[in-house]
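Trainee: Sequence:
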Amino acid sequence: HKKKKSQKKKQTYGVMLPDRKRAPRALFTLIRARGANSKKLEGAEFEIFFEKGSVPAKVGIVVSKRIAKKAVSRNRIKRIVAEAIKDELDQIGGQLLIVVKSDISGLKTSQVKEKILGKLQKLND
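Each step along the sequence shown adds one to the number in my numbering, with nothing skipped, and position 21 is 21.
Keep in mind the hints are simulated off the structure, nothing from the lab.
By construction, the Cβ of each residue, glycine as well, lies at the ideal position given by its N, Cα and C atoms.
Just to be clear, a hint being listed does not mean it is correct.
Stated by the list, open to error - Computed Cβ-Cβ distance ranges for the label pairs, DEER-style: (1) LYS108 - ALA71: 20 to 26 Å; (2) LYS69 - GLN91: 16 to 22 Å; (3) PRO24 - ASN75: 17 to 23 Å; (4) GLN91 - ASP19: 18 to 24 Å; (5) ALA33 - LYS122: 20 to 26 Å; (6) LEU117 - ARG76: 29 to 35 Å.
Sequences are here, hints too, so could you generate the full structure?
Mentor: The following block contains the structure:
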């Protein structure tokens with residue numbers, strides 16, 4: 001019995017972060033509680049919480065309904081942010097929570113990448 005072409009499993013290409021890199025829901029509150037090892041960076045577009053630790057970097061992205069009313073817009077913003085940090089995940093080495101503070105759906109991925117990496121550079125200084 002052979003499978004038809006339409007029944008084969010489709011492969012996704014870079015839409016979301018890999019499962020092992022995504023932060024579980026419980027981690028969102030832990031990072032925001034800000035222990036001794038965590039740092040917080042604020043900007044006009046983002047609030048970034050970082051905690052050194054876990055070897056496979058865990059990333060959470062938060063976009064509230066105040067920023068974008070429709071789920072489609074919120075998910076687009078999350079995809080833009082995820083795509084912007086995807087290449088840098090191996091260098092992070094910790095838990096990262098990115099809270100989006102303004103609607104960035106009009107920006108290109110390269111612009112978002114510059115802004116996030118600019119903030120993350122301050123962590124290394």
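Trainee: Would you mind marking each hint as holding or not holding in the structure?
Mentor: These are the hints, each one checked on the structure:
1. LYS108 - ALA71: 20 to 26 Å: holds, 22 Å
2. LYS69 - GLN91: 16 to 22 Å: For GLN91 against LYS69, whose Cβ atoms are near 35 Å apart, the range 16 to 22 Å is violated.
3. PRO24 - ASN75: 17 to 23 Å: Since PRO24 and ASN75 have Cβ atoms about 19 Å apart, the given range 17 to 23 Å holds.
4. GLN91 - ASP19: 18 to 24 Å: holds, 20 Å
5. ALA33 - LYS122: 20 to 26 Å: holds, 21 Å
6. LEU117 - ARG76: 29 to 35 Å: violated, 20 Å
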